[in-house]
Amino acid sequence: QQQVKQSPQSLIVQKGGISIINCAYENTAFDYFPWYQQFPGKGPALLIAIRPDVSEKKEGRFTISFNKSAKQFSLHIMDSQPGDSATYFCAARLGGNQFYFGTGTSLTVIP
Amino acid sequence: GAGVSQSPSNKVTEKGKDVELRCDPISGHTALYWYRQSLGQGLEFLIYFQGNSAPDKSGLPSDRFSAERTGGSVSTLTIQRTQQEDSAVYLCASSFTGTDTEAFFGQGTRLTVV
Chain A
1 QQQVKQSPQS LIVQKGGISI INCAYENTAF DYFPWYQQFP GKGPALLIAI RPDVSEKKEG
61 RFTISFNKSA KQFSLHIMDS QPGDSATYFC AARLGGNQFY FGTGTSLTVI P
Chain B
1 GAGVSQSPSN KVTEKGKDVE LRCDPISGHT ALYWYRQSLG QGLEFLIYFQ GNSAPDKSGL
61 PSDRFSAERT GGSVSTLTIQ RTQQEDSAVY LCASSFTGTD TEAFFGQGTR LTVV
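These protein sequence lines map, in sequence, to chains A and B. Under our numbering, the first residue of the first sequence is numbered 1, with each subsequent residue one higher. Under our numbering, the first residue of the second sequence is numbered 1, with each subsequent residue one higher.
Source of the hints: derived by calculation from the structure; they are not laboratory data. Heads up, some of the hints might be wrong.
[Said to hold, decoys possible] Computed cross-link-like contacts, SDA-like style, restricted to lysine to any residue with a CA-CA straight-line distance of at most 25 Å:
| no. | chain 1 | residue 1 | chain 2 | residue 2 |
| --- | --- | --- | --- | --- |
| 1 | A | K42 | B | V89 |
| 2 | B | K17 | B | N52 |
| 3 | A | K68 | B | E102 |
| 4 | A | K68 | B | T101 |
| 5 | A | K42 | A | D84 |
| 6 | A | K5 | B | G59 |
Hey, can you work out the whole structure from these sequences and the hints?
Listed below in structure tokens is the structure:
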């Protein structure tokens, strides 16, 4: 059973546009929600993360929006650039222990 | 080391052979994860180790797959009688236990079964 559901599977955005990736979860015991970015040939690396007591976190062009009541969270990439083209994974951590990852979104930003 | 180290980085093996993939986690990290990533696909959870607790093996796809973690540090993922569908990148990650802590990934081992 997929603990964290991620969509879309792939996304194509024009340069300068907004990229939006969504994730949903069921387990209310999750206490930490990171997003990872993976470039080809590399392992995923932490991009930005949020705790459930916060509704939004922004770091540069990257923003996480968190809706606790809906059990959903999303990554917004503003002013998307070709260098943002990568695979993005959302994740949720259970009680300070095990991470559960989404299935990933392949983002392509067209110049 | 400064990060999670995996070896080998690439492995080509013949169908039916056994392979061992190694992961050296970040020193002090109590949690260790193995994931499989097929070409262009997402992360498929394989196994999770946490301290001295019994590992969560719920993601292992068949009994040909096994993993161990010795001394709470280095981990080895073993695939017996490899099949072509085992070809993938195998990623290892480690983390501390506790809130606001991230998982750090290695570069992965690309396994090709011919």
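Task: Violated constraints from the hint list, given by number and in increasing order - done: Those not satisfied come down to hint 2.
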